[in-house]
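**Student:** One letter stands for each residue in the lines below.
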Amino acid sequence: MIQKTIGEVFLIIGGIFMFLASLGLLRMPDVYNRMQTSTKAVTLGAMSSILGVGIIHPAWLPKCILIMLFILFTNPVSAHAIGRAAYRTGVKLWKGSVCDKYGSCMEDEDE
Amino acid sequence: MPYEIYGLTVYVYVGLIMLGVLFSLVRFVAGPSAPDRVVATDILTTITTVVLVVLALFFKRQIYLDVALVYAVLAFTAVVAIARFLEGGL
Amino acid sequence: MKSLSRWLYTAIIFFIIWIALVGTIRWDELVTGAAVSIILAIFTAHIFTTEGLSNLSPKKVICGIIYFFPYLIWQMIKANLDVAYRVIHPKRPINPGIVKVKTKMHSDLAKTIVANSITLTPGTFTLDVRGDEMYIHWIDVKSQDVEEASEMIPGVFEKCLMKFMD
Amino acid sequence: MNNLILFMGFGLSLVLVVATFVVWLSKDLLVAILGSAVVSLVASIFFLILQAPDVAITEAAIGAGLTTGILLYAMKKAGRYEDD
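Those protein sequence lines, which keep their order, are chains A, B, C and D. Counting from 29, one number per residue, gives the positions in the first sequence under our numbering. Counting from -8, one number per residue, gives the positions in the second sequence under our numbering. Counting from 140, one number per residue, gives the positions in the third sequence under our numbering. Counting from 13, one number per residue, gives the positions in the fourth sequence under our numbering.
Please keep in mind that the hints were generated in silico from the structure rather than gathered at the bench. Positions of the beta carbon are idealized from the N, C-alpha and C atoms, including for glycine. Be a bit skeptical, because a hint or two may be false.
[As the list claims (entries may be wrong)] Interface residues of chain B toward chain D, partial, derived using beta-carbon atoms under 7 Å:
1. 9
2. 16
3. 28
4. 32
5. 39
6. 42
7. 55
8. 62
9. 65
10. 66
11. 69
12. 76
13. 79
So that you can see chain A by itself, here it is in the shape it has in the complex (with noise of 0.2 Å):
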């Protein structure tokens, strides 16, 4: 009993981080600003999800931490592809922004 509320518990916490992850990606006003805040709530969301499932049925542990592990693995690096996608197809920065140090690197590799 004691076992599947700390798993609920878990599911929640996973449900409102993508959620907030989803509202991220809505609200912020460029490409970079909505990776920073859904890259990182989607990963915790769904590692914190899949282990409540894994603590609600202990048998199946094993395969949801492989799950967790390929997750924390490839977003970062998906993430990344995109990022870096987005900037050499041109994408602007918000107006907002402070500073940009990756245009003068690619200036250089131009010449």
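Fit chains B, C and D to the given chain A structure using the hints.
**Tutor:** Chains B, C and D alone, transformed into the frame defined by chain A:
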């Protein structure tokens, strides 16, 4: 009955996930540039993996976890392939 | 010698993944897994790793699991509370920008770990890595100076990683 | 619990329909490929709800991995934007 009722928690949880899917869908339709849509697809992919795991919980069958595992690996390659294409490296 | 070490390392990693995927330990499955992972390792070792067996030394593995992993999880929880604050706040308190930092790590594996950890921790995410320079999008820029930013963003993890890597 | 799965089915079928409309109406073929990836992702969940995990695995593998790769390859040969 192949599944078991866990009370209010599961209803709240599914509601939150469905709102998340809906917001990502809005960003997918409205996104001004292609990278926005790729980000939305990435988020939808991760949420789909979680939904597959939670469906395994609802139906109480361990074989459903394998679908989530296959999905987690392959959808990642799809997103990275599209990102590499946008970058011009593919 | 180097190539043998790389091949063995790849085969061991594939074999561990096989066991985790199959889930049961029976001798026929173990033999099949060993055969498959050895054959796959022959073809993929040269793109899978450059370091070889030295990545698998007990010190690195044990320190990584006991020392670095809980720290990473704790940083992720902090990052998510930060994200929650920024998303829910009606005025969107953001101050973004791309900064350049330098990392002290040398091997590719350590650089990958640092870059991925930066992506998962509060307010930063890695756009590109070139040599020992990293370009980082920071949601709340506190310093544009390279040295100071290097101390604030990757320095946190490097202090932790330096003790058992490189 | 049946109600719950029904509710989930309604929400996901909305996603399916909207993604199909995006594929149909978009002039940018890359967006159409992304839309087809989303369609296959939701179809995989539907096969799981209909209790066919083997079909769901096949849909996940072919829809997410293979189709995207082949369509990207074709798009590289054919050009990204559709002419009117």
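**Student:** Are the hints correct? Go through all of them and say.
**Tutor:** For each hint, the structure was consulted:
Annotation: interface hint on residue 9/B holds; nearest CB of chain D at approximately 4 Å, less than 7 Å. Because the smallest distance between the Cβ of residue 16/B and any Cβ of chain D comes to about 5 Å, under 7 Å, the interface hint for this residue holds. Interface hint at residue 28/B: satisfied, since its Cβ lies 5 Å from the closest Cβ of chain D, which is below the 7 Å cut-off. Restraint check, residue 32/B versus chain D: the minimum CB separation of about 5 Å is within 7 Å; hint holds.
For residue 39/B, the suggested interface contact is upheld, since its CB lies about 5 Å from the closest CB of chain D, less than 7 Å. Hint on residue 42/B holds. Least Cβ distance to chain D is approximately 6 Å, under the 7 Å limit. The criterion of a C-beta within 7 Å of any C-beta in chain D is met by residue 55/B, whose closest approach is roughly 6 Å, and the hint holds. Here the hint on residue 62/B is kept, as its CB sits about 4 Å from the closest CB of chain D, short of 7 Å.
Because the closest C-beta pair between residue 65/B and chain D is about 4 Å apart, less than 7 Å, the hint holds. Because the smallest distance between the Cβ of residue 66/B and any Cβ of chain D comes to about 5 Å, under 7 Å, the interface hint for this residue holds. This hint holds: residue 69/B has a C-beta 4 Å from the nearest C-beta of chain D, less than the 7 Å allowed. Hint on residue 76/B holds. Least Cβ distance to chain D is approximately 5 Å, under the 7 Å limit.
Hint status for residue 79/B relative to chain D: violated, with the closest Cβ pair at about 10 Å, above 7 Å.
Consistency with the previously given hints fails for number 13 only.
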